[in-house]
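Engineer: What follows is each chain in one-letter form.
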Amino acid sequence: MASRTEARLAELGIALPVPAAAVANYVPYVRTGALVFVSGQLPLEGGKPVVLGRLGAELAVEDGVRAARLCGLNLLAQARAACGGDLDRVRRVVRLTAFVACTPDFTDQPKVVNGASDLMVEVLGDAGRHARVAVGAPSLPLNVAVEIEGVFEVE
Amino acid sequence: MASRTEARLAELGIALPVPAAAVANYVPYVRTGALVFVSGQLPLEGGKPVVLGRLGAELAVEDGVRAARLCGLNLLAQARAACGGDLDRVRRVVRLTAFVACTPDFTDQPKVVNGASDLMVEVLGDAGRHARVAVGAPSLPLNVAVEIEGVFEVE
Amino acid sequence: MASRTEARLAELGIALPVPAAAVANYVPYVRTGALVFVSGQLPLEGGKPVVLGRLGAELAVEDGVRAARLCGLNLLAQARAACGGDLDRVRRVVRLTAFVACTPDFTDQPKVVNGASDLMVEVLGDAGRHARVAVGAPSLPLNVAVEIEGVFEVE
Numbered sequence: 001m002a003s004r005t006e007a008r009l010a011e012l013g014i015a016l017p018v019p020a021a022a023v024a025n026y027v028p029y030v031r032t033g034a035l036v037f038v039s040g041q042l043p044l045e046g047g048k049p050v051v052l053g054r055l056g057a058e059l060a061v062e063d064g065v066r067a068a069r070l071c072g073l074n075l076l077a078q079a080r081a082a083c084g085g086d087l088d089r090v091r092r093v094v095r096l097t098a099f100v101a102c103t104p105d106f107t108d109q110p111k112v113v114n115g116a117s118d119l120m121v122e123v124l125g126d127a128g129r130h131a132r133v134a135v136g137a138p139s140l141p142l143n144v145a146v147e148i149e150g151v152f153e154v155e
Numbered sequence: 001m002a003s004r005t006e007a008r009l010a011e012l013g014i015a016l017p018v019p020a021a022a023v024a025n026y027v028p029y030v031r032t033g034a035l036v037f038v039s040g041q042l043p044l045e046g047g048k049p050v051v052l053g054r055l056g057a058e059l060a061v062e063d064g065v066r067a068a069r070l071c072g073l074n075l076l077a078q079a080r081a082a083c084g085g086d087l088d089r090v091r092r093v094v095r096l097t098a099f100v101a102c103t104p105d106f107t108d109q110p111k112v113v114n115g116a117s118d119l120m121v122e123v124l125g126d127a128g129r130h131a132r133v134a135v136g137a138p139s140l141p142l143n144v145a146v147e148i149e150g151v152f153e154v155e
Numbered sequence: 001m002a003s004r005t006e007a008r009l010a011e012l013g014i015a016l017p018v019p020a021a022a023v024a025n026y027v028p029y030v031r032t033g034a035l036v037f038v039s040g041q042l043p044l045e046g047g048k049p050v051v052l053g054r055l056g057a058e059l060a061v062e063d064g065v066r067a068a069r070l071c072g073l074n075l076l077a078q079a080r081a082a083c084g085g086d087l088d089r090v091r092r093v094v095r096l097t098a099f100v101a102c103t104p105d106f107t108d109q110p111k112v113v114n115g116a117s118d119l120m121v122e123v124l125g126d127a128g129r130h131a132r133v134a135v136g137a138p139s140l141p142l143n144v145a146v147e148i149e150g151v152f153e154v155e
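Chains as they are written, first to last, in our numbering: chain R, 1 to 155; chain W, 1 to 155; chain Z, 1 to 155.
Hints in this document: simulated from the structure, not taken from any laboratory.
Do not take every clue at face value.
Identical copies look the same in the list; a pair holds intra-copy or inter-copy alike.
The list that follows gives simulated cross-link-like pairs (lysine to aspartate or glutamate, DMTMM-like), each with its CA atoms no further than 25 Å apart [what the hints assert, rightly or not]:
no., residue 1, residue 2
1, K48, D88
2, K48, D105
3, K48, E153
4, K111, E62
5, K48, E155
6, K111, D88
7, K48, D126
8, K111, D126
9, K111, E6
10, K111, E45
11, K111, D86
12, K111, E155
All chains should be built: construct the whole structure from the sequences, respecting the hints.
Structural biologist: See below:
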């Protein structure tokens with residue numbers, strides 16, 4: 001039986017990235033009971049960090065939105081891996097916590113993080129509606145503009 | 001039967017705010033099993049952000065304490081909504097993560113966040129004692145001084 | 001029967017610190033179901049904060065690694081307390097979220113946080129492999145360089 005969510009991804013023209021592997025003594029996700037905790041995902045494209053810098057300095061809100069969407073794609077790729085390849089088994093995106101690299105005068109973190117929130121609902125419908133935390137950070141790993149961690153409820 | 005917690009709120013003279021509605025593709029809280037994950041709450045009063053700016057710059061510790069307490073009131077309002085209007089069904093405040101907008105030389109985040117921690121125990125007694133994370137952020141949405149997310153265990 | 005993990009700690013020459021007590025209306029950890037949420041731990045040694053300052057300014061990466069390891073020791077001390085003194089009852093380190101005090105141009109948070117990640121696997125083996133979030137912060141409580149919170153699955 002074909003996956004409903006895979007069909008939806010195809011319809012949207014979205015190819016999820018290869019989920020990033022563990023690069024140290026941590027892992028991309030841990031499942032405990034019905035919950036999957038996914039490590040902070042960066043805006044990786046073809047395995048390389050993109051959208052570098054800070055909001056309020058060299059980056060505009062639309063750059064941040066793109067970075068957040070890329071983080072979201074990587075979160076979905078990890079969630080799919082955690083579900084043995086079948087995103088239909090995601091019952092709910094429980095919470096996303098998003099860190100936006102920015103200057104002290106930048107206060108549009110919510111607009112930036114919508115790049116990830118919108119993606120979740122595009123792909124998963126109501127199951128994609130999540131609790132959310134959006135905050136600023138002075139800097140992030142590899143100089144990326146956005147990092148997002150996620151908690152998922154799965155079958 | 002009257003709610004024990006509502007009676008306590010009345011005794012303390014606390015009227016919880018109307019919980020903020022979803023403003024995008026995210027929601028104020030998600031329940032999964034016995035846990036409720038509440039989105040990052042801002043110091044809203046009458047639906048408007050108050051206590052704007054940064055600790056260590058234009059704001060003093062007592063301003064931050066007020067902001068944290070307002071975040072806490074909004075967290076309780078969301079928790080009440082998640083419990084169908086009955087805060088007696090909150091078994092435990094599990095964890096609060098608090099972000100304090102501040103300058104690089106400000107290190108009194110714990111004093112600020114006590115504004116929310118103290119409120120939880122005032123209202124919920126021992127069930128209000130929580131694990132806590134208090135950190136700095138260069139800036140927060142809408143220029144607010146504090147943002148706090150919470151995890152609650154409910155009946 | 002001797003604890004496997006205590007034997008491993010002895011073999012590594014590691015003495016866990018006395019877990020820091022609650023200092024306000026919050027507590028060092030809360031258990032809910034099989035999960036233990038531990039409060040943000042600081043690099044305390046003998047109960048005193050050490051490794052003060054920011055990465056990218058007065059501190060080098062190796063200082064940060066030491067701070068992260070100290071946070072990790074304090075996380076393990078709290079997890080042990082949550083398990084009634086027996087770390088063998090930790091089934092899995094689920095997730096660590098690490099905040100690194102740093103300047104806006106510092107982007108080596110992952111190297112810093114490895115100080116805690118490596119410790120978890122040294123002490124707990126595969127059960128120590130966790131999901132991870134590593135981000136920057138402009139400043140942290142008591143001017144410490146690193147703060148880490150943890151979620152553990154326990155028996």
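Engineer: Report the numbers of all earlier hints that the structure fails to satisfy, in ascending order.
Structural biologist: Hints 1, 3, 5, 6, 7, 9, 11 and 12 contradicted; others consistent.
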